[in-house]
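Undergrad: Since the structure of chain A is already known, use the hints to place chain B with the ligands on it.
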Amino acid sequence: MRHIISILMENEAGALSRVAGLFSARGYNIESLTVAPTEDASLSRLTLVTRGSDEIIEQIIKQLNKLVDVVKLLDLTEGPHIERELMLIKVMAESPLQREEIKRLADIFRGNIIDVNEVCYTIELTGDVQKLDAFIDTLKQADILETVRSGITGIARGPKSLNL
Amino acid sequence: MELTGADILVRFLQDEGVDHLFGYPGGAVLHIYDALYRQEQVKHVLVRHEQAATHAADAYARSTGKPGVVLVTSGPGATNAVTGIATAYMDSIPMVVITGQVNSALIGNDAFQEVDSVGITRPCVKHNFLVKDVRDLAITMKKAFYIATTGRPGPVVVDIPKDVTAERTDYVFPKKVTMRSYNPVVKGHGGQIRKAVNMMLSAKRPLFYTGGGVVQGNAAKGLTELAHRLGFPVTNTSMGLGGFPATDQQFVGMLGMHGTYEANMSVSHCDLLIAIGARFDDRVTGKIEKFAPSARIIHVDIDPASISKNVKVDVPIVGDVNTVLKVMVKELEQSERKPDGEALASWWQQIEEWRARDCLKYDTTSERIKPQYVIETLHKVTKGDAYVTSDVGQHQMWAAQFYKFDKPRRWINSGGLGTMGFGLPAAMGVQFAHPKATVACITGEGSIQMNIQELSTCLQYNLPLKIICLNNGFLGMVRQWQEFFYEERYSHSYMESLPDFVKLAEAYGHIGMQIERPEDVEGALKEAFKHKDRLVFMNFLTDPKENVYPMVPAGAGLDEMILI
Ligand SMILES: Cc1cc2nc3c(=O)[nH]c(=O)nc-3n(C[C@H](O)[C@H](O)[C@H](O)COP(=O)(O)OP(=O)(O)OC[C@H]3O[C@@H](n4cnc5c(N)ncnc54)[C@H](O)[C@@H]3O)c2cc1C
Ligand SMILES: Cc1ncc(C[n+]2csc(CCOP(=O)(O)OP(=O)(O)O)c2C)c(N)n1
Ligand SMILES: [Mg+2]
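Quick note, the sequences are listed as chains A and B, same order.
The numbers in this note's numbering rise by one with no breaks, and the one at position 164 of the first sequence is 163.
In this note's numbering, each number is its position in the second sequence, counted from 1, plus 160.
One chain only, chain B, in its complex shape:
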């Protein structure tokens, strides 16, 4: 059947099983919007800024494992989307972004609303395409979804000139695509896996260090099973939180710059580090030379380029985490050997001593609201079962430290790019994906203002989000660095002339609450979560001087933490 490019695109999205499309219209995509108007299967979500469309789609993907899909117009629509594309790229999130483009004949002419979208996005996408012929449209879209969701996931941009959306051709849904230049490895090397398992069985001070790959690769169960069988301690990167239950005794907390004392000390003293779906980010390793100095390292990752990029590893295993973990469990079952129980017992004794340092303690007698207390109470009130999105700053680290994530895909934050403004649109994406779920957005008064316009989208679609604004009146993370490393010269880190957030929330049609005293925190949270069908913006006035501890100063080793 002959269809226009616009109809082909929409039909393709239907056939691909896309249920939500986050977007914003404009000249170059009007044919596509017209095609969307004539159907109901793909639900279009109208945001208020294209950046928000990308974050919403990204969080939709993070919380479901399905790719997020975005539609924006050419020029400013595409450039506004770039921050969200880069955010997804840094955290390896599957996403397909469709950008409108000016008519083919005008490309390169500085035409109205023309930018080189393929050029601008090239460094922050897994791949991108410019569709020059309507006959290539369906297969290109198929390739985009295939590339975005397989191997190491990532965002893919498809740039479509307006004339291509008007031209006609036959449409058949391409069920499958193969590409000779793209064949991601799934199965790990058997010999390497066996070697790794043998090393695990010989280890005296082993440690699992697992990351976002476990969450994105749906391997939380496999990891938990392997770790339980072996009885080894587990630490997570911030992206990996929820990949292993945080309330499990074997969990030693997050590692890295704001990791726990016990996690960072375990890394510094382990003799075997088993890295799974983690990429040795500089926020995690601290000074490279001091990272796991006495350990042999096993690294499981689907991306060969992640392996031995920052830290040289002893046993590289390229493959999908879930697949590799299953083989490891099987190997272990078949082995006659057992882990070294005696060595493990004394290793655990050492770890418990570190744990007893209680590195996350904070002043619970203060007159001021402590941000940590808000998160702990949030955990209690939501019974640890909420989806929690976050913005970027101190509040993000407190959320990571104090909301104990027991399940994967519940902790949604921008780790690699650290994008302020991520939290609110991300919460929208999660709520669209899970209409019945409890979704909380933990934010700061700085970050929330970077995409606050989305409160309007939330009203339009009735999204009952709970926004937990830890308002310390500062760009707190910046202020903390200035306090520690710039002799308290607080250069432009103070948020003067803040809006009245309660009135602002009300102006957008939502409920606003202001909480000023510690004794009101729990009651206020309980009340807010009673509003099942309303968005509640909770403005917590928190202690402006509070800092995130522990902290590994930039350039220091993990065992050189600043502790409270």
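With the rest of the complex left out, here is chain A:
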């Protein structure tokens, strides 16, 4: 099963490499990993997407908790939650027809065109993985110049929150 694990860590040099190192040393897979400081500068928040059987996920959570820099963590997939990913995608847009078609698609997906020139558009799109994948699928493969995805971040629904 796919799990989204949200982690509060001490904002120390090397904290990220402890998490990455743990996953590679123990052969767990990481589908995506995002990290940034929080409103409390001494803490980083890390969101990690992984897959595994219940036993493996249990070990992953125990091993993460064992890292001295980990202050607290939450398996978001255990309850209702929201997940979001940001994508920036650069697509060919030369002919007027092509430009119109891409604009229309971006609108349907509630994307924003954030850079425009004679040859291409850059679109910003947020959503869950399925939505971003679906958008890519609707575009012609040959038209895509570049995609950048941030990796998943997420938060629990309702008042439940991960903080100190």
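Since the hints were derived computationally from the structure, they do not count as laboratory data.
Do not take every clue at face value.
Think about it this way: if two alpha-carbon atoms lie no more than 25 Å apart in a straight line, the pair counts; the simulated DSS-like pairs of lysine-lysine are [to be verified]: (1) A:K71 <-> B:K347; (2) A:K71 <-> B:K469; (3) A:K61 <-> B:K469; (4) B:K469 <-> A:K65; (5) B:K336 <-> A:K65; (6) A:K65 <-> B:K472; (7) A:K71 <-> B:K302; (8) A:K61 <-> B:K355; (9) A:K61 <-> B:K472.
TA: Using the frame of chain A, we list chain B with the ligands on its own:
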């Protein structure tokens, strides 16, 4: 008072109560060595190789319960220490390793003797630190000791750039430290403990399976009391030996790959397995599906990650063994129920039948010295009261099987990493910690050569160790596997061109003895132990064909032992 980083470090070690520091100097730690020179409280032990410093400190910790402390220089000093750090990590031993680092400004520049010590050691430490500011030095050291010694113990590395040891700041000893991200659990869950005790009282074929956690957690007394009250059989992992008296009738021996027939059969047939401070290592379980197939399992461990890692357990109890065992004893006292005496009697009858198989017997009429006989005689000559360190190989297993450890912290060996070269430096660490004690190092001609340079350290500090080299002329454990599983193709397991160990010992300033016949073994051992103030290297020429039995082949179930 303003002090330099180097003086702060040494003052901190004094204030923390560190009496021995095992180390080796070099450029990046020269300020620290200068600070050491100007004091006497912390005794520095100069080894001959940094690996030996880590093993000595590790064994100091294993034999005392206090953390071992190491000081090495940057680059090669740090990399040489890695094997010893990993050894301590695998066996959960508290240790603080201080590594020098190049000047902060040079970090990342491929500077002279620079390695990323924090990066290299990350996978084999409990935690590590790079100290970037002298003002963080004392508190970081405090955290290092706190982390190393609490919860599941382990090695912690503190990497200190040279400039930090020169800068000055005020020093106050940090008496206490708290960390919001690190709060190990000590007390076990009351409800779970009660449930466990009830299961014990209902069990028909119970078995205690206890490990290194009992030894490291100072819980041997508690375990012995609980086991005696219940009358249950006890088996130990190799790391757990001494956690329950080996000469006690309730002891069924070590379990696992080279465990006794009775221990492994008991595991295979028990209906309740009570695992205490043991981690279900693959050398212990054999084929997982066949491990304790009819048992419900209780597991007491301080590390939640140890629980249900390899084997799914029914009653997990996270907590310190000593604390949990005390509560269990109390619960038992208060309970009106008694263990099922009738069921236990027939369980014991079954176990005695297995015991009668006499799985550790060996040929006592041979013309050649049998290694088992040397260990048995060593036990007799030292009255079972020596500290015994070991290297890795067949000799290690014979030591585990034949030296009956009645007390905890007496059996010092590298179990998890299986590090050849551990034995001699470990014996040094033990002797420093217990200057008056009898310390024997059981080794093989292969292993001893991995840190033989330490014979020089032993002379410098007058360490009267007794080295028992079971010289079978083979990398015996490798040879045994090749005999059993590779149709006797002895690929590179023969130790050709061995040194003359007697002359070698003498060249290092010690006494060397060579023993070739079984009838000379006891006399030679007695003579060696008479030399109270000299190191004696005893080279026993043992039967090269002898194998360790029983043996559970890799991938087999515990009840599928190869027996003699
Ligand atoms: C050649 C060779 C052959 C071997 N053959 C065998 C064999 O036949 N049988 C055998 O048993 N071993 C054997 N070993 C050793 C084996 O590899 C393991 O090292 C050993 O089995 C592990 O012992 P343990 O389970 O007691 O765990 P340890 O490594 O000692 O771990 C201790 C456990 O206790 C926990 N703990 C620590 N402190 C506390 C505390 N205060 N409170 C609660 N819990 C605590 C820890 O979290 C950990 O889970 C062999 C090794 C070698 C090199
Ligand atoms: C550093 C290291 N290298 C290799 C091994 C693999 N190994 C395990 S036992 C063994 C043979 C040990 O030979 P010896 O010390 O003579 O002991 P014996 O088995 O003959 O008693 C070897 C090579 C190891 N455990 N450690
Ligand atoms: Mg040998």
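Undergrad: All the hints need checking, so say for each whether the structure fits it.
TA: Verification of the hints:
{"no.": "1", "hint": "A:K71 <-> B:K347", "in the structure": "holds, 20 Å"}
{"no.": "2", "hint": "A:K71 <-> B:K469", "in the structure": "holds, 21 Å"}
{"no.": "3", "hint": "A:K61 <-> B:K469", "in the structure": "holds, 10 Å"}
{"no.": "4", "hint": "B:K469 <-> A:K65", "in the structure": "holds, 14 Å"}
{"no.": "5", "hint": "B:K336 <-> A:K65", "in the structure": "holds, 21 Å"}
{"no.": "6", "hint": "A:K65 <-> B:K472", "in the structure": "holds, 20 Å"}
{"no.": "7", "hint": "A:K71 <-> B:K302", "in the structure": "holds, 23 Å"}
{"no.": "8", "hint": "A:K61 <-> B:K355", "in the structure": "holds, 23 Å"}
{"no.": "9", "hint": "A:K61 <-> B:K472", "in the structure": "holds, 15 Å"}
Consistency note: the structure conflicts with none of the earlier hints.
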